[in-house]
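Number of protein chains: 2
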Amino acid sequence: MTNLSSEELGEIYAFAIDLGRRAGKMLLDAVELRIDGMGEDLLSEKDNAVDIVTQTDEDVESFVKSEIRRRYPSHVFLGEETYAKGQSRDYLINEEPTWCVDPLDGTVNYTHIFSQFCVSIGFIVNHQPVIGVIYAPFQNQLFSSCTGRGAWLNEKRKLPLIQKPSIPPMPPNAPNKCIFSCEWGKDRRDTPDGNMHRKVESFLNMAAEVGGRDGKGGMVHGVRSLGSATLDLAYVAMGAFDIWWEGGCWEWDVAAGIAILQEAGGLVTTANPPPDPETVQIEDVRLGSRLYLAIRPAGPSGTETGREGQERTVREVWRRVRHLDYSRLGA
Amino acid sequence: MTNLSSEELGEIYAFAIDLGRRAGKMLLDAVELRIDGMGEDLLSEKDNAVDIVTQTDEDVESFVKSEIRRRYPSHVFLGEETYAKGQSRDYLINEEPTWCVDPLDGTVNYTHIFSQFCVSIGFIVNHQPVIGVIYAPFQNQLFSSCTGRGAWLNEKRKLPLIQKPSIPPMPPNAPNKCIFSCEWGKDRRDTPDGNMHRKVESFLNMAAEVGGRDGKGGMVHGVRSLGSATLDLAYVAMGAFDIWWEGGCWEWDVAAGIAILQEAGGLVTTANPPPDPETVQIEDVRLGSRLYLAIRPAGPSGTETGREGQERTVREVWRRVRHLDYSRLGA
Chain G
1 MTNLSSEELG EIYAFAIDLG RRAGKMLLDA VELRIDGMGE DLLSEKDNAV DIVTQTDEDV
61 ESFVKSEIRR RYPSHVFLGE ETYAKGQSRD YLINEEPTWC VDPLDGTVNY THIFSQFCVS
121 IGFIVNHQPV IGVIYAPFQN QLFSSCTGRG AWLNEKRKLP LIQKPSIPPM PPNAPNKCIF
181 SCEWGKDRRD TPDGNMHRKV ESFLNMAAEV GGRDGKGGMV HGVRSLGSAT LDLAYVAMGA
241 FDIWWEGGCW EWDVAAGIAI LQEAGGLVTT ANPPPDPETV QIEDVRLGSR LYLAIRPAGP
301 SGTETGREGQ ERTVREVWRR VRHLDYSRLG A
Chain E
1 MTNLSSEELG EIYAFAIDLG RRAGKMLLDA VELRIDGMGE DLLSEKDNAV DIVTQTDEDV
61 ESFVKSEIRR RYPSHVFLGE ETYAKGQSRD YLINEEPTWC VDPLDGTVNY THIFSQFCVS
121 IGFIVNHQPV IGVIYAPFQN QLFSSCTGRG AWLNEKRKLP LIQKPSIPPM PPNAPNKCIF
181 SCEWGKDRRD TPDGNMHRKV ESFLNMAAEV GGRDGKGGMV HGVRSLGSAT LDLAYVAMGA
241 FDIWWEGGCW EWDVAAGIAI LQEAGGLVTT ANPPPDPETV QIEDVRLGSR LYLAIRPAGP
301 SGTETGREGQ ERTVREVWRR VRHLDYSRLG A
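From first to last, the protein sequence lines stand for chains G and E.
Under this note's numbering, the very last position in the first sequence is 331; numbers go up by exactly one each time.
Under this note's numbering, the very last position in the second sequence is 331; numbers go up by exactly one each time.
Keep in mind that the hints were calculated from the coordinates and are not lab data.
Every value quoted in this text rests on a predicted model; they were computed, and no experiment measured them.
As the list makes no split between identical chains, a pair holds if one copy fits it or if it spans any two.
Calculated lysine-lysine pairs in the DSS-like style (CA-CA distance at most 27 Å, straight line):
1) K85 / K65
2) K164 / K25
3) K25 / K156
4) K25 / K65
5) K158 / K25
6) K186 / K85
Sequences and hints are given; from them, build the entire structure.
Below, the structure written as structure tokens:
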């Protein structure tokens with residue numbers, strides 16, 4: 001059991017923000033090189049068209065790792081690139097202070113120079129994500145949080161963005177009036193009842209008119225797919241997205257985002273409906289579960305607390321989505 | 001037939017950019033008011049949850065309209081809000097110099113304070129969109145073009161972003177390796193073979209593994225849905241998206257975007273596959289057709305010109321998508 005003083009935590013938080021900004025600048029510098037016609041050799045292909053890794057990705061991870069090792073040699077480091085090269089898909093986070101880092105989330109966006117890419121730095125103690133830093137350099141958006149110190153956009157705007165006169169409650173007929181964020185992901189196998197078809201059936205239920213889809217129609221306000229799990233979570237913390245539902249991510253994709261969203265007052269639980277969805281106690285997500293359902297921060301309405309509104313929304317989503325099949329044996 | 005001198009056109013272009021910036025600032029100011037807790041009374045609901053109009057929308061249109069009337073009293077003005085209040089769904093653009101304006105595209109995003117909203121100002125002469133200005137104030141991105149003067153991001157970066165050593169050709173197996181942008185839209189009727197189901201079937205074909213979906217699997221690199229037709233077109237002009245396919249937009253949603261994309265070297269044609277998709281001559285889109293397929297600017301490869309690569313991609317998309325049913329009688 002590690003106990004960090006408030007002062008120590010504050011120092012780590014400042015370090016993480018600075019590190020995020022520097023790592024993000026590396027990502028942006030490499031984009032500038034490509035625009036200047038000098039970056040083509042940086043791209044190399046991995047196993048399929050949806051899985052491109054760039055040299056930049058590895059360079060940024062090396063940089064982040066060495067900076068952390070230098071400043072906090074006793075902390076554990078877990079990065080996407082180093083993890084991906086290993087044999088194990090085990091969940092490696094324990095109670096030790098652990099940095100969980102994705103040097104580049106939204107890789108496909110990055111290779112196409114679409115703005116929705118970022119670096120994601122999470123710091124976890126006793127299994128709890130306590131610090132999160134997400135920096136999207138092309139749009140110069142820095143999301144950050146530290147337990148007890150709030151969640152912030154660019155260190156000046158508190159998240160969620162709308163706080164006055166109070167944080168809006170969840171809509172009374174949620175998911176109606178909600179923006180629903182979801183991703184098509186990399187698993188595109190055309191297997192009957194496979195993950196892709198289960199996802200699309202779930203998207204359709206959420207989108208269709210109320211009364212449609214055998215009563216499962218949710219008539220959400222909008223369906224959004226950005227191609228970055230990390231930024232999806234950041235936008236839920238912001239209040240821009242109401243619901244994010246996804247399977248197949250890994251802990252480095254979501255650690256920082258979960259820290260920020262929880263600190264902002266959001267709820268994160270599992271994507272897969274439990275056997276008793278209407279009555280089960282709603283528990284916080286397991287970081288390594290690969291199955292995530294996030295609900296934005298919500299204030300009270302006249303008839304329920306913010307938490308009650310969030311839990312009601314969770315159950316309404318569970319009623320409309322299929323189970324997804326993602327294990328830790330690979331994507 | 002109107003002939004504008006190069007000098008006149010340049011003046012109109014400068015006016016349009018300045019107008020776009022000022023209109024976008026009005027949108028952003030209203031967001032700031034909401035964040036400060038003073039904007040709740042600005043929101044009023046229209047006919048359904050996916051169709052919210054804000055007072056801001058109308059205020060911005062009034063502002064843009066009056067500025068244009070003052071400076072160019074002889075020009076025709078066509079705006080989303082004024083049009084929507086009228087009885088006619090006819091296509092009203094003729095050879096006269098016409099301003100085609102959407103004061104707020106991405107209305108759902110705007111109400112949720114998700115960054116993907118913008119003002120869109122197109123200027124059309126002799127049926128040709130000759131000037132386009134799109135300003136997304138929350139992310140401070142200004143896209144602009146004028147026939148013969150190039151297309152630009154923030155007036156300093158030429159579009160598409162990657163020009164050196166040459167604009168990338170379309171991928172040899174497009175839509176594989178392409179980012180495919182598409183929108184779920186407002187028509188969520190759960191009608192068998194209705195627009196929503198035809199769209200989703202098309203999305204699935206584009207996404208599925210090569211060989212899947214009875215040979216229609218396109219294995220695109222990513223599927224994106226932002227909730228703004230206008231910004232979709234801007235990102236295609238940028239090169240960030242390779243393909244955008246959509247039905248149901250109106251001319252004010254796309255006029256500026258088409259101007260910018262065409263000036264950047266992109267191709268815009270119809271979303272609906274013609275009877276002879278493999279051999280038909282590919283024609284430029286009709287602005288009022290409500291059916292749009294956009295392909296990013298492309299350079300030559302060793303075996304084909306940029307235009308040939310774009311046309312090959314159009315035919316590959318047509319092979320995978322369903323006909324959509326949008327008339328001019330309403331959405």
